[in-house]
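Just so you know, our numbering puts 76 at position 76 of the sequence shown, and the rest follows in order with no gaps.
There is no bait here: all hints are sound.
Listed next, the in silico SDA-like pairs over lysine to any residue satisfying Cα-Cα at most 20 Å (straight line):
1) 40 <-> 96
2) 73 <-> 26
3) 73 <-> 41
To be clear, the hints were calculated from the coordinates, so they are not data collected in a lab.
In this text the structure is predicted, and so the values were computed from the model without any measurement.
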Amino acid sequence: MSLQALILSLLEDIPDAAARTDIATSIFYLRDLYVNGQIKEADLRNDLAEVVSTVLSLTHPELLPEELKAKTKELVDQLVRAIKAETIRARLMRRRGLPFRPPV
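With the hints as constraints, model all of the structure from the sequences given.
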């Protein structure tokens, strides 16, 4: 699933447009930090887990703590895979010292 599709599925139960925008923007911000080498994968995972756990706690208050933890881990894994797939070119170019220019 694409990063955008994963984010939309995470946000589907949040009716407030401003909250949805803040959450999506936060996830894209973390993606940008990661692709630019400003945070490592472990930091990306930790920060995404905080965002996802907060959203799931709000949208699914019936989840038991262990269920919340398992669902958070599953979604974070999916988000990280999508981020890595979406940003592979930029990450490789950064590692090789080449400037990354997004496609026009």
